[in-house]
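My request is simple: use the sequences and hints to build the entire structure.
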Amino acid sequence: MTLTESAEPATPAPEPRLGRSFWLALSPLCYLAIGAAMIVYTQVTGLDSLERNSLGLGFIVRRTWEHVELVFFSTLLVLAIALPLGVALTRRGLRRATPAVLAVVNLGQATPAVGLVVLLALVFRIGFWIAVAALVAYSLLPALRNTMVGLQQVDPHLVDAGRGIGMSAAGVLFKVELPMAVPVILSGVRTTLVLNVGTASIAAFIGAGGLGDLITAGVSTQRNLVLVTGCVLIAVLALLLDWLGGVAQRYLSPKGLS
Amino acid sequence: MPEAANHMSGGKGVPIELRGVTKVFPGTGEPAVLDLDLTIEAGETVVLLGPSGCGKTTTMRMINRLTEPTSGDILIGGRNSRDIDPDRLRRGIGYVIQQAGLFPHMTVAGNIAQVPRLLGWDSRRVSERVDELLALVGLEPATFRDRYPRKLSGGQQQRVGVARALAADPPVLLMDEPFGALDPINRARLQDELLRLQEELAKTIVFVTHDVDEALKIGDRIAIMQRGSRIVQYASPAEILAHPADDYVEQYLGGGSSMRLLSLTRVGDIELDQVPHATEDTDAGDLRAQAEADGRGYALVLDRLRRPRRWVTTKALAGADGTAGEVEGEPAGVLIGGRTTLQEALEALLNTDNDVVPVVGRRQVYAGAVSLGTVQQAIQTIKSRERDRRRRQHGDGGE
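Protein chains in written order, with the numbering used here: chain C, 1 to 258; chain W, 1001 to 1399.
Simulated from the structure, these hints should not be mistaken for laboratory data.
A virtual CB, placed ideally from N, CA and C, is assigned to each residue, including glycine.
Wrong hints could be hidden among the right ones.
Covered by chain C, per the in silico footprint, the following chain W stretches (three or more residues, Cβ under 8 angstroms) [as the list claims (entries may be wrong)]: (1) 1099 to 1105; (2) 1109 to 1120.
Derived BS3-like pairs: lysine-lysine, alpha-carbon spacing no greater than 25 angstroms straight-line [stated by the list, open to error]: (3) W:Lys1012 x W:Lys1217; (4) C:Lys255 x C:Lys175; (5) W:Lys1217 x W:Lys1383; (6) C:Lys175 x W:Lys1151; (7) W:Lys1151 x C:Lys255.
Here you go:
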């Protein structure tokens, strides 16, 4: 399971059966082991004072937690925006607005993330929520796109059948369209998650914390161990969240679709 | 409006009337349906038949307001459909589409239960209804209830589609080429079952198809439509076959109308031939006298329960002096019943050595016989009867 693989807004591939819970748990255990090994190594090896500043256990845990918070809130916001917007843009009345909205959302992703973060910090102020806002702007596109694609690929015959037997428009949306779109929507959310884990490291530039602190500290003090630790922990976090996304996709996708 | 729901649910069919219905889709110059009038009797199956693009599907979709008419009125059971909330209206009208349109993420039971749940039935009543309907469409409830649609064959899916449409026992059923995607064997089977169901349920059915044979088989009446949604002829299958309204209808039927009449007409509905016959205990001499008067040179001997036993010749009868039962002869061979179509009767005639095939009624009791002449006569009679009816209608409407 790699970053590139998960980043593809793919059609729902047939996932292995649930019975293999051992294999299901194997990969996250491996990721955790790698992260733990990295941390243990930094604690037992001889550190100079600069390294000790950035690699204290409390510091690492705090930064990791900040990182998770950045990802969590930005993804939550992305969902809160992408789902209703995706639904709205696939309704008949608003379909014409789609190109305009997508252009704006595309702009968010096309702008270099670092530039966006710094720009927002300059215009407003530095801090956690500005970083979250930048992350949202940057990672909205895959979630929105997939929500729209997921809804658009629902067979129009099924919508017709739903309306034809007397379901209301909202009934068809919630009972037919959204459940059928869940696999595609979740794969977009998964992409957003992984994207956010990586991008959240630049939050360090505007003092919003996160594991990016280790990377910037490692670069500025020329301590490779600090730099590598930051990178490894971010990668482990990305892999873990991607795995979680995969599990969610498997459990939340409606049965009977494959 | 609870009274609307009551009005629309429960049992037997209600009449449907389309009055001057027109549909113009925005952005298109030509109207899809123009000033259409159509009256559908309660409990009748009406087939809208025509080439694609003739507006038959649009016409059907206007009945349950999936497509809103641009102008004109549609009365269902005497009520203007405009006065009923569309969602509520549709819950009282069964809707079956091609390839069933089942929701793939719901089980068979979940699919069928949709409308009853929308109507607020309690779960026990819903699950009882689901099982009842599965049995009705010929699917074992215990086996199929919890399956997902993707695991079913096309025919099974469409059975579930019909069950879903019947779930709330609506008086009206709309079917949009429901069997179009099925193989011929399954299609014929489902058509037969629809006929059987309809005999039992007596719904008002509007059935859209472009398949002439399907229309002739299913329809009590057929509305043949031409581009621009003009109804060229609206009549019973027999009348359409016997007297197509114009060249277009004739062309659409594609010839062979007499052969098709054969498959539409049942032996029980025509005038049967009578051959000389007598029960076994009759005197052979009496039977011979009867056979000689008839002049065909043979007679049919029946058993005590009046079931055909064997053919005997006048020659054999002449030599006998006991009862008719003692005379040697040929076994009666194939017997046909009243529900046999003329086509099947003809098939039986061609496969037997005799000129006639005995027809039997209830409990195999002799009712008459069919010969090539009988069949020919029957077709002529139907044609001339339809011709008279037409002339009378034209006379009424003309002056």
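Cross-check of the supplied hints:
1. 1099 to 1105: holds (count 6)
2. 1109 to 1120: This one holds; 3 residues, not fewer than the three required, reach chain C with a Cβ under 8 angstroms.
3. W:Lys1012 x W:Lys1217: Satisfied, since the Cα-Cα distance of roughly 21 angstroms is no more than 25 angstroms.
4. C:Lys255 x C:Lys175: holds, 14 angstroms
5. W:Lys1217 x W:Lys1383: It holds: about 18 angstroms lies between the C-alpha atoms, which stays within 25 angstroms.
6. C:Lys175 x W:Lys1151: holds, 20 angstroms
7. W:Lys1151 x C:Lys255: With Cα atoms ~12 angstroms apart, W:Lys1151 and C:Lys255 stay inside 25 angstroms; holds.
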